[in-house]
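With these hints in hand, go ahead and build the complete structure from the sequences.
Quick note, the sequences are listed as chains A and B, same order. For the first sequence, position 27 (counting from the first letter as 1) is numbered 27 according to our numbering, and the numbering increases by one without interruption. For the second sequence, position 146 (counting from the first letter as 1) is numbered 146 according to our numbering, and the numbering increases by one without interruption.
It is worth saying that the hints were derived from the structure and are not from the lab. Keep in mind the model is a prediction, meaning the values are calculated, not measured. You may find that some hints are simply not true.
If the Cβ cut is set under 8 angstroms, some of the chain B residues that face chain A in the computed set are [unchecked claim]:
| # | residue |
| --- | --- |
| 1 | Gln329 |
| 2 | Ser333 |
| 3 | Leu336 |
| 4 | Arg340 |
| 5 | Ser363 |
| 6 | Arg370 |
| 7 | Val380 |
| 8 | His384 |
| 9 | Val388 |
| 10 | Pro398 |
| 11 | Pro400 |
| 12 | Arg447 |
Note that CB positions come from ideal geometry on N, CA and C, so glycine has one too.
Residues per chain are reported as follows:
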Amino acid sequence: LRVAVADDSVLVREGLAALLSDAGFEVTGSYGDAGSLLSAMEASQPAVALIDVRMPPTYTDEGLRAAIEIRARWPRVGVLVLSQYVEVHLASRLLSRGAERVGYLLKDRVTDVHEFAMAVRRVGQGGSALDPEVVSQLLASRSGTEAMRRLTHREREVLALMAEGRSNQAIAADLEVSLRAVEKHVTAIFEKLELPASGEDHRRVLAVLAFLRA
Amino acid sequence: VLGVGILMTAGAAWSVGMSSSQSRERRLEVNLLRVTRDLKDVVLAHGALLAAMRSLYLVGSGAPSAEQFARFVAGGRLLEQYPGAQALEFARRSPPDDGLVDRWVVEHIVPVAGNEAVQGVDLSREANRRAAIESACERDRPTATGPVRLVQERGDSPGLVVFGPVYAADVSGAGPADRARACSGVMIVVYRVQDMVAPLRVGESDVELELYDRGPLGAENGAAARPTRTLLFDSNPAVDASRRGPRRSGIEFHGRQWEVVVAAEDEPPGSVAAAVVAGSGLAFTLIVSVLVLRLGTFRRQALARGQLVSAGERDRRSLERDLHDGPQQRLLSVALMLARAKDRLPCGSASADLLSDATDELSQALKELRDLARGLHPAVLADHGLAVAVQGVGARAPLPVEVDVDLPGRFPLSVEGAAYFVVCEAVANAIKHGRASQLWVSVSYARGRLRVEVCDDGIGIVNLGHGTGLRGLADRVEALDGRLRVTSGPGRGTRVRAVLPCG
Chain A
1 LRVAVADDSV LVREGLAALL SDAGFEVTGS YGDAGSLLSA MEASQPAVAL IDVRMPPTYT
61 DEGLRAAIEI RARWPRVGVL VLSQYVEVHL ASRLLSRGAE RVGYLLKDRV TDVHEFAMAV
121 RRVGQGGSAL DPEVVSQLLA SRSGTEAMRR LTHREREVLA LMAEGRSNQA IAADLEVSLR
181 AVEKHVTAIF EKLELPASGE DHRRVLAVLA FLRA
Chain B
1 VLGVGILMTA GAAWSVGMSS SQSRERRLEV NLLRVTRDLK DVVLAHGALL AAMRSLYLVG
61 SGAPSAEQFA RFVAGGRLLE QYPGAQALEF ARRSPPDDGL VDRWVVEHIV PVAGNEAVQG
121 VDLSREANRR AAIESACERD RPTATGPVRL VQERGDSPGL VVFGPVYAAD VSGAGPADRA
181 RACSGVMIVV YRVQDMVAPL RVGESDVELE LYDRGPLGAE NGAAARPTRT LLFDSNPAVD
241 ASRRGPRRSG IEFHGRQWEV VVAAEDEPPG SVAAAVVAGS GLAFTLIVSV LVLRLGTFRR
301 QALARGQLVS AGERDRRSLE RDLHDGPQQR LLSVALMLAR AKDRLPCGSA SADLLSDATD
361 ELSQALKELR DLARGLHPAV LADHGLAVAV QGVGARAPLP VEVDVDLPGR FPLSVEGAAY
421 FVVCEAVANA IKHGRASQLW VSVSYARGRL RVEVCDDGIG IVNLGHGTGL RGLADRVEAL
481 DGRLRVTSGP GRGTRVRAVL PCG
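Below is the structure:
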């Protein structure tokens with residue numbers, strides 16, 4: 001999987017590139033700002049662009065805007081936005097065009113190589129990766145509602161992992177239960193929340209997120 | 001207006017019973033006219049004040065007895081005639097033969113809770129009051145002392161005391177020494193701005209007062225740069241003032257032109273507010289006087305504090321930036337190296353476990369650093385503005401928060417910082433102390449002011465001042481010339497409102 005890295009800190013950017021190479025990714029290039037990443041997109045053809053939110057010149061949301069631009073101009077390229085902090089509102093901006101090939105993670109997550117590599121791969125393969133902190137904020141805002149009260153504790157756990165963008169297999173591995181059990185939970189959740197059932201992971205994520213953000 | 005009539009009647013009744021001679025009465029009247037004319041120069045005196053002073057004279061020997069005064073006041077509803085007057089005193093000069101020249105004694109104080117204790121106080125012991133009294137006698141004109149001790153002792157509301165000399169003889173053309181001899185006492189009226197405004201409110205309706213400095217008298221109107229605006233009073237900062245009908249009135253004071261804009265909601269015709277706006281009300285005039293007197297210092301202080309806050313906010317912001325660019329990035333790159341090293345070691349080896357622990361520790365350090373940076377000046381606030389930051393506070397709260405943010409754009413760092421911390425602190429309070437189950441946060445902008453409101457449905461704060469962190473919040477808001485208002489009661493939830501000028 002070809003990955004481009006953009007981060008203004010040379011230490012972080014080279015560290016990320018090295019980590020990704022170690023994990024079996026092909027790093028097409030590393031860039032210090034959004035502009036050079038965007039202008040290299042055509043030539044380097046990455047499958048995933050890994051982008052830091054804060055980059056020059058204003059160090060505010062350059063990365064986020066670049067990610068949105070990439071999604072519009074190169075819809076086959078996945079974007080994984082990394083940030084020092086995560087906000088539900090910013091996640092919404094990123095997801096405004098759907099949950100396909102998109103990720104939004106706290107920067108610290110890169111220290112868990114296995115999880116991080118999985119997230120990059122997921123985004124590159126058309127899925128999504130939403131930070132657990134964003135998901136828990138979304139869940140908290142809905143916690144008091146009638147619909148959420150209908151869910152069991154286990155179902156809520158599954159819901160959170162679904163919202164992060166994980167597949168049934170990944171959820172099964174994470175919760176150390178059988179695939180069959182996860183599928184049962186998913187069906188129950190969709191029934192209880194009255195959501196339209198959907199086979200594809202990114203459609204499923206969208207349905208879940210739409211419910212959580214309602 | 002009704003009160004004036006009653007006052008006159010009461011005064012006339014006293015004059016029949018108590019006056020000693022017709023000629024003396026006439027002399028006093030002449031003197032009084034002069035006094036009040038001068039009083040008018042300073043505070044555009046009201047007819048009721050004339051009536052009050054006249055009545056004081058007519059009771060006889062220079063000063064009425066406490067009982068007489070009390071009856072007089074009760075009958076004439078004197079206080080109602082002086083919007084904002086907290087106390088009326090009459091200080092009488094001790095007879096020269098008691099050996100205590102220059103000793104002034106407070107004879108009477110209108111029964112306002114807490115003021116009785118002042119009765120009998122030797123006024124001359126307080127330097128500023130003594131100076132005001134002496135100035136009133138010597139200059140033969142009422143004197144305002146500006147920020148007043150008596151007022152300030154009773155609370156932190158700004159106030160004004162006006163000292164007016166009262167003579168037992170006609171002193172027109174007399175020198176200072178003769179006037180001092182003829183002076184039988186001093187009329188003292190204490191005003192508090194907030195009380196002066198109170199009568200302007202009609203029932204529960206909202207009133208807002210703004211003062212505009214339109215420059216020196218005689219200067220071309222509007223030729224000067226845009227007038228300086230000061231918000232005098234806002235009975236309900238949560239209500240958009242544009243919904244109230246604005247009325248304007250000009251006034252000249254201290255050689256400058258001033259304009260007061262009164263915006264009152266649902267104001268019935270003939271209300272106090274209407275009268276005040278017409279520019280004839282004593283309350284109105286006094287509000288202007290008090291504010292003009294205080295304005296100079298007030299502006300200087302506000303400016304100094306505002307700069308201090310901005311500087312503080314800038315420091316916090318740059319510290320946050322330093323954290324992000326420095327240690328946070330460096331630690332992250334170390335974490336990346338550790339993660340890679342761990343990946344190269346066989347799973348389950350002692351070294352791998354050690355590295356795993358180190359990575360966990362480092363993740364924790366990064367999280368703490370991130371929280372620290374958020375507390376200093378949240379990066380999200382600086383990067384994305386108040387709307388996103390406030391929505392984040394709502395999202396992180398462990399209970400449902402309805403967030404309604406309607407802002408046209410960005411505001412100064414210090415204003416955004418203060419507004420953000422009002423939301424944080426109020427939300428934290430509601431969760432920690434208020435036992436709330438639902439919160440409402442609204443942030444909006446109108447007419448140069450940012451309004452922040454946080455409400456909850458909790459048990460309400462019993463003791464507003466205690467351990468709620470609201471004091472610190474108020475300081476932060478007031479330092480920017482804003483106001484913080486907390487209303488709460490058992491079972492009624494808590495409402496925290498802040499208004500921050502940002503025009």
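Taking the hints in turn, this is what the structure says about them:
1. Gln329: 4 angstroms, holds
2. Ser333: Holds, because the Cβ-Cβ distance from serine 333 of chain B to chain A comes to roughly 4 angstroms (cut-off 8 angstroms).
3. Leu336: Status holds, d = 3 angstroms.
4. Arg340: Because about 5 angstroms separates arginine 340 of chain B from the closest Cβ in chain A, which is inside the 8 angstroms limit, the hint holds.
5. Ser363: Hint on serine 363 of chain B: holds, closest Cβ of chain A at ~5 angstroms, below 8 angstroms.
6. Arg370: 6 angstroms, holds
7. Val380: Holds. Min distance 5 angstroms.
8. His384: 6 angstroms, holds
9. Val388: Cβ of valine 388 of chain B sits 5 angstroms from chain A, so the hint holds.
10. Pro398: 6 angstroms, holds
11. Pro400: 5 angstroms, holds
12. Arg447: Arginine 447 of chain B check fails; min Cβ-Cβ to chain A is 27 angstroms, beyond 8 angstroms.
In this structure, the one hint that does not hold is number 12.
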